[in-house]
Amino acid sequence: MNEAIVRTHELYKSYYRDSLEIPVLHNINLDISQGQFVALMGPSGSGKTTLLNLIAGIDQPTSGTLAVAGEDISRLAEGDLAKWRARHIGFIFQFYNLLPVLTAFENVELPLLLTGLSRKERREHVEMALSIVGLADRMKHYPRQLSGGQEQRVAIARAIVSDPTLLLADEPTGDLDKTSAEEIMTLLTRLNKEFNKTIIVVTHDPRAADKAGVIRHLDKGELQ
Amino acid sequence: MKVLKLITRNAGRHKLRTYLTVLGLALAVMAFGLIRTFIDAWYAGARAAAPDRLVTRHAVSFTLPLPLAYKEQILQIEGVKDITYGTWFGGIYVDPRNFFPQFGVEPESFFRIYPEYLVPPDQMQDFVRDRRGAIAGQGLVDRFGWKVGDQITLIGTIYPGDWQFVIDGIYHGENPDVDETAFVFNYAYVEERMKQESPGRVGQIGWYVLRIDDPNNSSAIGAKVDARYDNSWAETKTETEKEFALSFIAMGDAIIIGLRVVSYLIIGVIFLVLANTMAMAARERISENAFMRTLGFRGYHLTGLILGESIFVAVLGGIVGMGLLSLVAKGVEIALSSYFPGFAVLPTTYILVVIIALTIATAASIFPVFRALRVKIVDGLRVVD
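These protein sequence lines are chains A and B, in that order. Sequential numbering of the first sequence, starting at 1, is according to the working numbering. Sequential numbering of the second sequence, starting at 1, is according to the working numbering.
Bound-form chain A, shown alone (with noise of 0.2 Å):
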């Protein structure tokens, strides 16, 4: 638990809009250990979501140093990046971005592709992933065929099948009841204790961030 696998020193990002300099955040340090499951917590604009794309390597800071997984990925050029995020980053969207071409199986599968995993070694994988979210015998099926709780699971499975350093989720209850939601959120406790799956999630529920197991809130793009 002591390993830090995202360390940043004075982060800072800023957009611009035509001319006029907007900061989202200013000067985050942050550390995150190895097998810790983090809520990143904040109002509407507080700069969470602009934080964990920056983590996963999508978005690239304006100043500070962000090392994730050992290495400064702020000095990664795009084609390493790239690289980078398919080795080390598990991502689950609020609205799952599944391919609606392709079936479940077929959707956990994209990122192995990527890899040199064979057909029978990927097909063992996905399988795994799949079981794991309960979702074993929906392989078939393809996301029209799924509820949204099943299709979160999905992408959730799709996260973990290449066995990622780090998962990364934005919202991932923001498009679900209820009861979905808690069964999102048990899953991802479940990958962070059963299988110490070092885990940040965004959100602003707060039944939500009460599975993880460390609530940072951001604010104004300050954290707390």
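In case anyone wonders, no lab produced these hints; they're calculated from the structure. Any given hint could turn out to be false.
So the derived list for chain A, only partly shown, Cβ under 7 Å to chain B, looks like this [unchecked claim]: (1) 82; (2) 86; (3) 97; (4) 101; (5) 111; (6) 114.
The C-beta atom is built at its ideal place from N, Cα and C for all residues, glycine as well.
Go by the hints and put chain B onto chain A.
For chain B alone, kept in the frame of chain A given last:
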């Protein structure tokens, strides 16, 4: 295989749109192919021309006759190995709409100089012996249901009166470029009758065809022939058979240019149809492409998917279009056999269609690829489908 599956399924997301795009492409490909085939058919005569044959005609106009007396004189010119002549007859068979080319010729020399017109020897013998004999192309025979031994009557226009002929033989082309719709007969038959009905027209023919010893000397030999008749009452113009055919084709230059312009416009239409479909697909998948990049897919992966989808739709349209083209071309070939003998889609047209389809597919995917790669991942993820 997974990538191929994703490409085909992406193409099938909006089935109606894809079907309409494929249909649009197919119709455009068919129209383009038909126009190309018309142009090719137009040039078929030039393609069939032999390099060792020259055509000598009246220098002023093809419609003016030349003296038959030139025949032996031209044969004396160095480099000329053989000679025959022909005359346009322009008769009507039953109805003016039943047009087909009819030539009065010298039987033996004509088939000697045109060995690509294949006639069975026994039929050839009958034709040479029979003053009223005629040889018809297989296409013509098929069109009118004629057979060897049939008697037919042509109503003369250039040579007035009813003219009876006996079909002594049927010729086949040695290759597909040979016109099989011609009707040739012994010009001596016309001469005999002209002696009685119009003596002033006796001893005149339409043109000469010369076989020369060396195609490389065609210009020099042609110049010698024409020099021989400088300042005579019937000056000549001699050119290669190909030049002669092209000079005929040049009469329809405006039509050919028009057809070419239309064919280029069709290529533009094909491009717009496909580009529109691909642009719509790109717009709908901004978020999806951003998500794929989040997973670690890189620019060339997305480029492959978008380009692959564009090629898939274009190739599908091309295949359907080529199928339609071959069917329609067959129908046109039957319907217009007398005007466009040898109307058939050339392999080069199919190859051209494939090249155009692939080029257009690539061009149509440039904007969607650019758009997919230009959008920042975080901006793309914000777009809700």
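Okay, the hints, checked on the actual structure:
no.: 1; hint: 82; result: holds (5 Å)
no.: 2; hint: 86; result: holds (3 Å)
no.: 3; hint: 97; result: holds (4 Å)
no.: 4; hint: 101; result: holds (4 Å)
no.: 5; hint: 111; result: holds (5 Å)
no.: 6; hint: 114; result: holds (5 Å)
Of the numbered hints stated above, none is contradicted by the structure.
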